[in-house]
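What follows is the residue order along each chain.
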Amino acid sequence: MNYLLQQIINSLGFGSIVALLAAGYTMTFGLIGLVNFAHGEVFMVGAFTAYFILTILKLPFWLAILMALVGSIIIGLLVERLAFKPVRGSGMITLFIIGLGVSQILRNSTVMLFDARLKGFTVSGFLKGVYMLGEVIIFKKTLFIFLTVLAICIILVYLIKNTKVGIAMRSISYDTQMAQSLGMNTERVIIITFIISSALAGFAAVSWGYIYGSVHAAMGVHAVVNAFVASVIGGVGNVLGAVVAGYIIAIGGNLFIAFLPPDLVGLRPLFVWIVFFIILIFKPSGLFRANIK
Amino acid sequence: MNKVPLLKLNNVLAGYGKMNVVNNISIRVNQGEIVTLLGSNGVGKTSTLRTIIAQTDLKKGEIKYKDIDITHFPTYKIAGLGIGYCPEGRAIFGNLTTKENLQAGAYLLKSRQKFKINLDRVYSLFPILKERHSQIAESLSGGEQEMLVIGRSLMNSPSLLLLDEPSLGLAPKLVELIGKTLREINKEGVSILLIEQNAKLALEISNYGYLMRKGSIVLEGTAKELVVDDRVKEIYLGII
Amino acid sequence: MEYMKRSNFIIKYVAGISVIIFILFLMERLLSGFWLTLFMLFGINIILAISLNITNGWIGFFSVGHGGIMLAGAYAAAFFTLPVFFKEGILDLKLPSFILHTQLAFLPALLIGGIVGTVVGIILVLPALRLRGFYFCAGTLGFNIIMETIAENTNGPMGLRQFLPYTNIWWVWGIAILVIYITWMVKKSYIGRAFIAIGKDPDLAEHMGINLLKYKLYAFGLSAFFTALGGILWVHLILNLFPKAFNLILVFEVVAMIVIGGMGSITGSIIGAAIITFFSDILAPIEEGFSLFGFNVPSMLGLMTVLIGVLLVVILIKKPDGIMGEKEISLGFFKKFLRTKQT
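Protein chains in written order, with the numbering used here: chain U, 1 to 293; chain S, 1 to 240; chain X, 1 to 343.
Please note that the accuracy of each hint is not assured.
Subject to a maximum C-alpha distance of 25 Å in a straight line, what follows is the list of computed DSS-like cross-link-like pairs (lysine-lysine) [as the list claims (entries may be wrong)]:
no.: 1; chain 1: S; residue 1: K99; chain 2: S; residue 2: K8
no.: 2; chain 1: S; residue 1: K173; chain 2: S; residue 2: K200
no.: 3; chain 1: U; residue 1: K161; chain 2: S; residue 2: K110
no.: 4; chain 1: X; residue 1: K200; chain 2: S; residue 2: K18
no.: 5; chain 1: U; residue 1: K293; chain 2: S; residue 2: K99
no.: 6; chain 1: S; residue 1: K116; chain 2: U; residue 2: K164
no.: 7; chain 1: S; residue 1: K200; chain 2: U; residue 2: K164
no.: 8; chain 1: S; residue 1: K224; chain 2: S; residue 2: K187
no.: 9; chain 1: S; residue 1: K214; chain 2: S; residue 2: K60
Restraint ranges, calculated between C-beta atoms of paired labels, are given here [said to hold, decoys possible]:
no.: 10; chain 1: X; residue 1: L129; chain 2: U; residue 2: R117; range: 37 to 43 Å
no.: 11; chain 1: X; residue 1: E328; chain 2: S; residue 2: M19; range: 28 to 34 Å
no.: 12; chain 1: X; residue 1: Y135; chain 2: S; residue 2: S139; range: 22 to 28 Å
no.: 13; chain 1: S; residue 1: S139; chain 2: U; residue 2: L287; range: 27 to 33 Å
no.: 14; chain 1: S; residue 1: P74; chain 2: U; residue 2: R117; range: 48 to 54 Å
no.: 15; chain 1: U; residue 1: D115; chain 2: X; residue 2: P285; range: 14 to 20 Å
no.: 16; chain 1: X; residue 1: G325; chain 2: U; residue 2: I154; range: 58 to 64 Å
Simulated from the structure, these hints should not be mistaken for laboratory data.
Glycine included, each C-beta is placed from N, C-alpha and C at the ideal position.
Here chain U stands alone, though its shape is the one from the complex (with noise of 0.2 Å):
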């Protein structure tokens, strides 16, 4: 029972990250059917921003956290404006391939201005430290991350079922002639969209950075994959859908190695695969109903 709570807590942090990608991703995957594989790229870029600002620049971790926002917004706009917007009404595969080409392009420009290592993140003297429930620890940073990204996906699922923009978001996913004939003006709705997804995802990213110590150029594709299969499972354009499938995904992927035998655990990765072709093969339209027709 311990174990079982253990390996729980443990998926918190890495659930929190997939949370908040899968949320950002969710919302363009809904509004213009975007597939955005160059969403795990934004969410690089604003971990390197925060690393640049923390560790080579040495200045005070709340700043770095701002400035990973402003990294991955900007970073998000200018592919939504260079690369996705001129493409925009093309089918899902040419999407695909476009932003498979703005990952790599990303990536590998990273690589070249800093390079392939692992990239140490150190926030000094900030809650080390761990809590003890009964045998079960609990890491105060998880417990940290944890909470306050979900006091976010509270917030930001509350913003979407109120506000006129969420609103605005939901009608254009499902029919966007119409809610231009309601006065939306959809491009004013794409732009505010693309700018919470990739705040959502510089967030990840500082939390991602702050968990587990270090950032590289590729942390974006494993994330990215997970991102994507909790849109499905939480049903396309469903942002508390996919909150909860990030979720899911990480507590399942955990508990699907601890009770592997040991010397299979290298097959971790496998997992996230066989939920997307279960949930493919029986439950297309995800576990949640779907913002889109």
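Put chains S and X on the given structure of chain U with help from the hints.
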């Protein structure tokens, strides 16, 4: 009835890509009127409406609304001028609740008070919507969805309403209700441009009408004139 | 008349093959190590691009799983070409003993590897076939990771070494020419037209009597076989094989080849392969850094992939059909070219 033209289409040529579906159309909707577009399927009635709100490729001609040239305005801007649109096929936002659909209709409203007033007005026109306000729109019946579409378009206090086949597929009682509602909102000052398969209903409530064939207007006149015209009867065998 | 036509035909074939053999002979003599390797890489890229084109360009199923197929084929062939002492001594693979004690020549290993790659490819693609459009594509992305994970867990990240350098210009270009020839013939045949019909409008194709599943399997099988051959040639050229050998960058490069060249066009795949080989292999040394007029340009690893990425994005925005679109270069093109030169 004042004959101040609210909407004017002058020699409009429009279509999709290389295909032209609206051939040299000139239409007028005067303030306070209900105008109807008649014609069998596929003659370009829907495309005419869509051209007004910039959802087709407009190649020639001009569209004026309250003397503003809206020929090249994007859809969202046209909506902002007070033109409401109810497309055919009940275009509700299936993923939102009834009330959220109405909130979407009120997107451009600035004042919370105005929203409340308009919401109450829609609920009084269609009480069933109030009953179902937290239900997901996809699960509403056909008639309820049509009421929702019309109600949603009224949330922004439009001065011109474009309606495409509101009675399509509805039971006679509902058709009657829709007709009654349109007359009521027209009395409150909303001008209407209507496409209706049900020519009887259309000519009963309209002041003026245009008969279309192959993308062009072949006949126009007051409702009284059209009702007795053979060409109109020809199109709607057995309905009139 | 028939007799003359047929002998005409045979003469053309013999002449063509002789020309090819002569050119390859010259290449082998004239080219130095770097350029020879480059020429071989170009040939391998042609094989990979044309095989990907069959599934992505013709039947319209956009697969990005070729990395996994190459891995499967390369490992299978390697198990047979690696010298016995290496397999017995250094590895602790759980291979059945008949493999551990056998060492085959290149041709049988190629065939075995090709077949294994094909089988693996088809097994992996079967569950994904019921997915439509982009979801299929996303599914195939998993192939690579699945195969890589399996390889890492059975072989370990270091991989295999001690390869015999079997790959030479004759193998590479012999197979490349064969692949070009076979796909060209297929394209003109009923099978090829069925493939393209499925790509353009699967429902219509089905109504015309084309058994969708059968032809999809043919296409994936053919594509996987050639892709596996490409992978086997590759590892016997660079002489090592490890789980991450056919990673996302390589997968991406082959995708870039067919998209830039023109999906659906064999000529396009060749042109695309040429362009990518140019950047990825010819210009690659620039990444190490160099000095120009006494000015030191630092090393910029990853620059070539960035450039390929930019090229891909630009093409998709400006000319989404690629350089050739779906068209092929034909004799008519050459005749026109010659005619305009004369006048």
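Each hint tested on the structure:
1. K99(S) x K8(S): violated (34 Å)
2. K173(S) x K200(S): Holds - the C-alpha atoms of K200(S) and K173(S) are around 15 Å apart, at most 25 Å.
3. K161(U) x K110(S): The given pair, whose Cα atoms are some 19 Å apart, holds under the 25 Å limit.
4. K200(X) x K18(S): Status holds; Cα separation ~22 Å.
5. K293(U) x K99(S): Holds, at roughly 19 Å.
6. K116(S) x K164(U): holds (15 Å)
7. K200(S) x K164(U): violated (40 Å)
8. K224(S) x K187(S): Status holds; Cα separation ~19 Å.
9. K214(S) x K60(S): holds (17 Å)
10. L129(X) x R117(U): 37 to 43 Å: holds (40 Å)
11. E328(X) x M19(S): 28 to 34 Å: holds (31 Å)
12. Y135(X) x S139(S): 22 to 28 Å: Holds - the Cβ-Cβ distance for Y135(X) and S139(S), about 27 Å, lies within 22 to 28 Å.
13. S139(S) x L287(U): 27 to 33 Å: violated (19 Å)
14. P74(S) x R117(U): 48 to 54 Å: holds (49 Å)
15. D115(U) x P285(X): 14 to 20 Å: For D115(U) and P285(X) the Cβ distance comes to about 18 Å; the hint holds.
16. G325(X) x I154(U): 58 to 64 Å: Cβ of G325(X) to Cβ of I154(U): about 50 Å, so the range 58 to 64 Å is violated.
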